[in-house]
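Here is what each chain is made of, one letter per residue.
There are 2 protein chains.
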Amino acid sequence: MPQKIVIIGANAAGIEAASSARKKDRTAEITLITKEKTAGYSRCGLPFVISGAISHFKALTVYPLAYFQMLKLNLRTQTTAIAINIKEKTITVQTLERIIEIIPYDKLVIATGADSFMPPIKGREKHGVLNLRSLDDGEKIDAAIKAGAKSAIIMGAGLIGLELGVALNEKGLQVTIVEMQPQILPQLLDADMAKLVQTHLEQRDIKCLLGNAVEEILGEEKVSSIKAGGENFMADLYINAFGVRANTQLAVDAGIPIGETRAIKTNAYMETAIADVYAVGDCAETTHFITHKPICPQLGTVAVRQGKTAGTNIGGVNSQFTGVLASTVTKLFDIEAGSTGISETVAVKNQIGIVVSTVNSKTKAGYYPSAKPLRIKLVVKKETEHLIGAQIVGGEEVTQRINALSFAIQKQMTVRDLAKADTAYAPPMCETWEPMVLAAEMALMKLR
Amino acid sequence: MPQKIVIIGANAAGIEAASSARKKDRTAEITLITKEKTAGYSRCGLPFVISGAISHFKALTVYPLAYFQMLKLNLRTQTTAIAINIKEKTITVQTLERIIEIIPYDKLVIATGADSFMPPIKGREKHGVLNLRSLDDGEKIDAAIKAGAKSAIIMGAGLIGLELGVALNEKGLQVTIVEMQPQILPQLLDADMAKLVQTHLEQRDIKCLLGNAVEEILGEEKVSSIKAGGENFMADLYINAFGVRANTQLAVDAGIPIGETRAIKTNAYMETAIADVYAVGDCAETTHFITHKPICPQLGTVAVRQGKTAGTNIGGVNSQFTGVLASTVTKLFDIEAGSTGISETVAVKNQIGIVVSTVNSKTKAGYYPSAKPLRIKLVVKKETEHLIGAQIVGGEEVTQRINALSFAIQKQMTVRDLAKADTAYAPPMCETWEPMVLAAEMALMKLR
Numbered sequence: 038m039p040q041k042i043v044i045i046g047a048n049a050a051g052i053e054a055a056s057s058a059r060k061k062d063r064t065a066e067i068t069l070i071t072k073e074k075t076a077g078y079s080r081c082g083l084p085f086v087i088s089g090a091i092s093h094f095k096a097l098t099v100y101p102l103a104y105f106q107m108l109k110l111n112l113r114t115q116t117t118a119i120a121i122n123i124k125e126k127t128i129t130v131q132t133l134e135r136i137i138e139i140i141p142y143d144k145l146v147i148a149t150g151a152d153s154f155m156p157p158i159k160g161r162e163k164h165g166v167l168n169l170r171s172l173d174d175g176e177k178i179d180a181a182i183k184a185g186a187k188s189a190i191i192m193g194a195g196l197i198g199l200e201l202g203v204a205l206n207e208k209g210l211q212v213t214i215v216e217m218q219p220q221i222l223p224q225l226l227d228a229d230m231a232k233l234v235q236t237h238l239e240q241r242d243i244k245c246l247l248g249n250a251v252e253e254i255l256g257e258e259k260v261s262s263i264k265a266g267g268e269n270f271m272a273d274l275y276i277n278a279f280g281v282r283a284n285t286q287l288a289v290d291a292g293i294p295i296g297e298t299r300a301i302k303t304n305a306y307m308e309t310a311i312a313d314v315y316a317v318g319d320c321a322e323t324t325h326f327i328t329h330k331p332i333c334p335q336l337g338t339v340a341v342r343q344g345k346t347a348g349t350n351i352g353g354v355n356s357q358f359t360g361v362l363a364s365t366v367t368k369l370f371d372i373e374a375g376s377t378g379i380s381e382t383v384a385v386k387n388q389i390g391i392v393v394s395t396v397n398s399k400t401k402a403g404y405y406p407s408a409k410p411l412r413i414k415l416v417v418k419k420e421t422e423h424l425i426g427a428q429i430v431g432g433e434e435v436t437q438r439i440n441a442l443s444f445a446i447q448k449q450m451t452v453r454d455l456a457k458a459d460t461a462y463a464p465p466m467c468e469t470w471e472p473m474v475l476a477a478e479m480a481l482m483k484l485r
Numbered sequence: 038m039p040q041k042i043v044i045i046g047a048n049a050a051g052i053e054a055a056s057s058a059r060k061k062d063r064t065a066e067i068t069l070i071t072k073e074k075t076a077g078y079s080r081c082g083l084p085f086v087i088s089g090a091i092s093h094f095k096a097l098t099v100y101p102l103a104y105f106q107m108l109k110l111n112l113r114t115q116t117t118a119i120a121i122n123i124k125e126k127t128i129t130v131q132t133l134e135r136i137i138e139i140i141p142y143d144k145l146v147i148a149t150g151a152d153s154f155m156p157p158i159k160g161r162e163k164h165g166v167l168n169l170r171s172l173d174d175g176e177k178i179d180a181a182i183k184a185g186a187k188s189a190i191i192m193g194a195g196l197i198g199l200e201l202g203v204a205l206n207e208k209g210l211q212v213t214i215v216e217m218q219p220q221i222l223p224q225l226l227d228a229d230m231a232k233l234v235q236t237h238l239e240q241r242d243i244k245c246l247l248g249n250a251v252e253e254i255l256g257e258e259k260v261s262s263i264k265a266g267g268e269n270f271m272a273d274l275y276i277n278a279f280g281v282r283a284n285t286q287l288a289v290d291a292g293i294p295i296g297e298t299r300a301i302k303t304n305a306y307m308e309t310a311i312a313d314v315y316a317v318g319d320c321a322e323t324t325h326f327i328t329h330k331p332i333c334p335q336l337g338t339v340a341v342r343q344g345k346t347a348g349t350n351i352g353g354v355n356s357q358f359t360g361v362l363a364s365t366v367t368k369l370f371d372i373e374a375g376s377t378g379i380s381e382t383v384a385v386k387n388q389i390g391i392v393v394s395t396v397n398s399k400t401k402a403g404y405y406p407s408a409k410p411l412r413i414k415l416v417v418k419k420e421t422e423h424l425i426g427a428q429i430v431g432g433e434e435v436t437q438r439i440n441a442l443s444f445a446i447q448k449q450m451t452v453r454d455l456a457k458a459d460t461a462y463a464p465p466m467c468e469t470w471e472p473m474v475l476a477a478e479m480a481l482m483k484l485r
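Quick note, the sequences are listed as chains U and E, same order. For the first sequence, the working numbering assigns the number 38 to the initial residue and increments by one for each residue that follows. For the second sequence, the working numbering assigns the number 38 to the initial residue and increments by one for each residue that follows.
A couple of the hints might just be wrong.
It does not matter which identical chain is used: a pair holds within one copy or between any two.
Calculated cross-link-like contacts (lysine-lysine; reagent style DSS-like; alpha-carbon spacing at most 27 Å) [claimed, not checked]:
#  : residue 1 : residue 2
1  : K418      : K457
2  : K409      : K368
3  : K419      : K232
4  : K483      : K109
5  : K61       : K457
6  : K302      : K124
7  : K409      : K399
8  : K330      : K457
9  : K448      : K330
10 : K457      : K368
11 : K60       : K401
12 : K61       : K483
Hint data in this document are derived by calculation from the structure and do not stem from the laboratory. Just so it is clear, the structure is predicted and the values come from calculations on it, not from any experiment.
Same shape as in the complex, but just chain U:
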């Protein structure tokens, strides 16, 4: 009898789980359940439709219906999973027509993702208070711009907040970003590196109000201003980019254990504590490669890797998820910023003895026109000289350097190794001495 695989969620993690299971098991009955109208679209692309870089929201559909048909995946959109019964091995769903159905499973994958978390701010029910998580959210922001919004306050200076801030700025809106932490991108960068990015944003007329929370959203029915740090800021839109929270209600109700990050606990096989139930993507807690502590990084790349691991195991081939370095990158106007492994801040918090080195360099040979600045920071474990984290801010060529340093961390490269690395060079693309190598050399000097 073919096994019945049910996946709750039909975006990055869920679809990857379905696809990977299908590759190993040609006969399984695979069903994907999603409450959304559209499955398989890229959330990460939303800010770029709003900015106009991508022409329309439909372009974000990475997996067309033909994909599901080709792989014989039974996709059920606008269908809400309302309960999991781990004893009977069934899930209960409700269709758009409010019909209740019981669906049995042999293997269940929870890929319920995360939702925007809106702190309980006074006035948050007003018109003009928006999120950016789903296609629907994106379309609402787009509509507000088309309706003539001239200014926006964004709460949260994480990736989504900043990428959306840039998009709104490019659309001509006056943008102020309010962040409770004393720096932008607190998950991604240390304060010294974040400051470079902040300066770039401010040069482009994005205001950053740090170390402050939004206290109240003012206006009649519609947002007219917000109060933050004791001041009033006029704004047509208030956008909540405070962060997302793993969608765990279904799991909690079913008795599936939740971890300390408030996401669903998993092991290296992406199994939850309950037999035959997996969790992947933004709702799943996993382990950090360096700290070995629980983490729920809520990144697309981690989601697909977890989905693949779960799907491969369900398909009958043993596969382990190797942990999270949380390699991340973003582009904001003319600057790219990225990181991998742990920051200085996280190292200190975890009482890991470190040495830090930072170099300023250029993205091309010094004498080559249009070379852009590049700053690299390495975090090195003092005890072993291993590279354990890296941050880069620069005008170009940041992403693949982050990948290079991620590989280095994964393979336990010491800065002694890195200082001797064999790198490629050509004047239009880099310096003779690769800045990553120079940063390793500088770390070595500090270690002596």
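Start from chain U and add chain E according to the hints.
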């Protein structure tokens, strides 16, 4: 007594040796000898001055005279080393005024580089027959263009030949490149990857005549045409980019052993077989990281790494050169091409059992406008699943991927590791599934 360090050669390798020695030994007397008028310039930048991307040759001077003064390096330009006496530990030099001097050394570094090799083609003494190795060579080509040259034949489709071909094409010359091998970039790429680059060059009107040698250079005093493959090609310039040969005459005359690559034999400390004599850069033979065979890669990055190793050892701190992966990259019009480790061709020649995987992808998310094509080829050792080579051709973001794969090879990453790598992603810069990871996955499937 301070030690006397003498370095023959004052470009990448020589200056790096001098600088590294100085860092470890504050009192040494360090002398650099060069027959050239200018020291410390970037040869790799020459094609970009000819193309006009860089405004003048002077911009290529990476180390101004102030640098030598600051580090107290005694720089002697237009001074030719004519003999080494390894018993007396002296070298003999001749100044521009033809004065002969004997200079004693405690440690000697031979960084004599390489010169263009001109095969014995009939007619090679004619006006309009040029090389591209030194600043002088660059200025001659520049002058020929300014004098109205309309067409050029370049012998050799290596890095210099192609980069110069692009430069001349951008200056409006009709360019034909003749190459004896049946493909372009034979040192860098396998034929399948090289073909992509060739097509790009041909679309820009550079002719490639492969599998043919130049048989004769025709014309009265001046080049008017060349004969190749039985045909006659009209040309105002004939440029020899056949390759370079290590300058070893001084070493040979002094009885310093030469290796099978016809460069000076060295060990991991960059010592020659003679006590207190080192060789670095384009004149030095070293060991390949994968094949463990002698190699003389004649790359700027290798030169500086070797110079640093020799200088550090001379300065009294033990340092080993870890071998060559020959990571290389070039930009030709709108395409970047690079490689690291060994090619399929070299693996087969060395009877290494391999699996090869190739993926086509894009440089941005598929839905993001202006994504450019990217092709990655991995060479994997069958016995151990280790990555041992990689080649990439793409519209952008090639260089740092080559570095990433170089780190992977250095740290003995298997494709099983690489298929699980934690990579960074953002729609304007890359795909969710990094193409390097997909290529590893494909290699894994072939290994099963």
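Each hint tested on the structure:
For a Cα distance limit of 27 Å, the shortest separation of K418 from K457 qualifies both inside one copy, at 18 Å, and across copies, at 23 Å. In the homo-oligomer, the alpha carbons of K409 and K368 lie at most 27 Å apart both inside one protomer (14 Å) and across protomers (17 Å), since each shortest distance falls under that limit. Within a single copy, K419 and K232 get their C-alpha atoms as close as 26 Å, which meets the 27 Å cut-off; across copies the closest is 47 Å, which misses it. Within a single copy, K483 and K109 get their C-alpha atoms only as close as 57 Å, which misses the 27 Å cut-off; across copies the closest is 25 Å, which meets it.
With identical chains, the CA atoms of K61 and K457 are at most 27 Å apart between copies only, with a shortest distance of 18 Å across copies and 41 Å within one. In this homomeric assembly, K302 and K124 come within 27 Å of each other (Cα to Cα) only inside a single copy, at 19 Å, whereas the closest approach across copies is 72 Å. Taking the shortest alpha-carbon separations for K409 and K399, both the intra-copy value of 5 Å and the inter-copy value of 23 Å come in at or below 27 Å. For a Cα distance limit of 27 Å, the shortest separation of K330 from K457 across copies, 19 Å, qualifies, whereas the shortest one inside one copy, 31 Å, does not.
For a Cα distance limit of 27 Å, the shortest separation of K448 from K330 qualifies both inside one copy, at 19 Å, and across copies, at 25 Å. For the identical chains of this complex, K457 and K368 are inter-copy neighbours only, at 25 Å across copies versus 30 Å inside a copy, given an alpha-carbon limit of 27 Å. Taking identical chains as interchangeable, the C-alpha atoms of K60 and K401 lie at most 27 Å apart only when they sit on different chains, with a minimum of 26 Å there against 43 Å within one chain. In this assembly of identical chains, K61 and K483 lie within 27 Å of each other by CA distance solely across copies; the values are 15 Å between and 50 Å within a copy.
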